[in-house]
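Read the sequence shown against the UniProt record's numbering and you will find it ends at 167, with the numbers running on by one and no gaps.
Honestly, I wouldn't trust all of these hints.
[Unchecked claim] Distance windows between CB atoms, simulated:
| no. | residue 1 | residue 2 | range |
| --- | --- | --- | --- |
| 1 | Leu-91 | Gly-123 | 45 to 55 Å |
| 2 | Tyr-156 | Thr-89 | 21 to 31 Å |
| 3 | Ala-46 | Ala-26 | 27 to 37 Å |
| 4 | Tyr-156 | Arg-77 | 32 to 42 Å |
| 5 | Asp-6 | Ala-46 | 34 to 44 Å |
| 6 | Thr-89 | Thr-152 | 27 to 37 Å |
| 7 | Arg-38 | Arg-77 | 13 to 23 Å |
| 8 | Gly-25 | Arg-51 | 33 to 43 Å |
| 9 | Gly-14 | Ala-40 | 51 to 61 Å |
| 10 | Arg-38 | Gln-75 | 50 to 60 Å |
| 11 | Ala-128 | Asp-68 | 19 to 29 Å |
| 12 | Arg-132 | Asp-83 | 28 to 38 Å |
| 13 | Gly-122 | Thr-149 | 56 to 66 Å |
In short, the hints are calculated from the structure, not lab data.
Only a predicted model underlies this, so the values are computations on that prediction, with no experimental measurement involved.
For glycine and all other residues, C-beta sits at the position ideal for the given N, C-alpha and C.
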Amino acid sequence: MITRADRKVMVLLGGLTFVLCVVPGAAAVWMAQQVAARDARIAVLAPELERLRALERVFDDERTVLMDQLVLVEQERDRARADLAHERTRLADLEREVVETMVPREILSAADFPVERAMARGGETLEAFALRERTTVPVLTALNPWLKTGSTLSAYQTLWVPRTPRK
1 MITRADRKVM
11 VLLGGLTFVL
21 CVVPGAAAVW
31 MAQQVAARDA
41 RIAVLAPELE
51 RLRALERVFD
61 DERTVLMDQL
71 VLVEQERDRA
81 RADLAHERTR
91 LADLEREVVE
101 TMVPREILSA
111 ADFPVERAMA
121 RGGETLEAFA
131 LRERTTVPVL
141 TALNPWLKTG
151 STLSAYQTLW
161 VPRTPRK
């Protein structure tokens, strides 16, 4: 005969068997299903991953090309800046030289004539030149008989002008 204690032991053993056999089995089945679902998701996403990796390689190659081009453009920009600075300096020197050459200079000779040479600016009229040198057109044509009234002077053309008294 089975006693109450034996029944408890049998129920306990049955429960223990259930816990030790059925639960792990169910857990194993559930885990296998989860792993299979994960593998299926991985299989679905694997081509997308490869596509993205290929795009990443393409973008890395494009980035390398663009960085190389950027270096070349920056070098060209630096050369252009240096050239511009050089040209600005050269232009300032030329402008200073032009201004210095436009100043009338006395002719130093044994004979002391009351005239000196002055240089015209390009495109300047005889009237504008006379006004700048504080003289008149008739005086200029008298000192420079080859000039025609109303003519335009060329750059650096030298003309005789009356000497201004020095103070």
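Quick rundown of the hints versus the structure:
1. The supplied range of 45 to 55 Å is broken by Leu-91 and Gly-123, whose beta-carbon atoms lie about 19 Å from each other.
2. For the pair Tyr-156 and Thr-89, the supplied restraint of 21 to 31 Å holds, since their beta-carbon distance comes to about 22 Å.
3. For the pair Ala-46 and Ala-26, the supplied restraint of 27 to 37 Å holds, since their beta-carbon distance comes to about 30 Å.
4. Under the hint 32 to 42 Å, the C-beta atoms of Tyr-156 and Arg-77, about 37 Å apart, fit the expected range.
5. Between Asp-6 and Ala-46 the beta carbon distance is about 58 Å. The supplied range of 34 to 44 Å is therefore violated.
6. For Thr-89 and Thr-152, the hinted distance range of 27 to 37 Å is satisfied, since their beta carbons lie about 32 Å from each other.
7. The hinted range of 13 to 23 Å is not satisfied by Arg-38 and Arg-77, whose Cβ atoms lie roughly 53 Å apart.
8. Roughly 40 Å separates the CB atoms of Gly-25 and Arg-51, a value that falls within the hinted 33 to 43 Å.
9. At about 37 Å, the CB distance of Gly-14 to Ala-40 disagrees with the hint of 51 to 61 Å.
10. One distance hint, 50 to 60 Å for the beta-carbon pair Arg-38 and Gln-75, holds here, with the actual separation near 52 Å.
11. Taking the beta carbon of each, Ala-128 and Asp-68 are about 56 Å apart, not inside 19 to 29 Å as hinted.
12. As the Cβ distance of Arg-132 to Asp-83 is approximately 35 Å, the hint placing it in 28 to 38 Å holds.
13. Range check, Gly-122 to Thr-149: about 19 Å between beta-carbon atoms, so the 56 to 66 Å window is missed.
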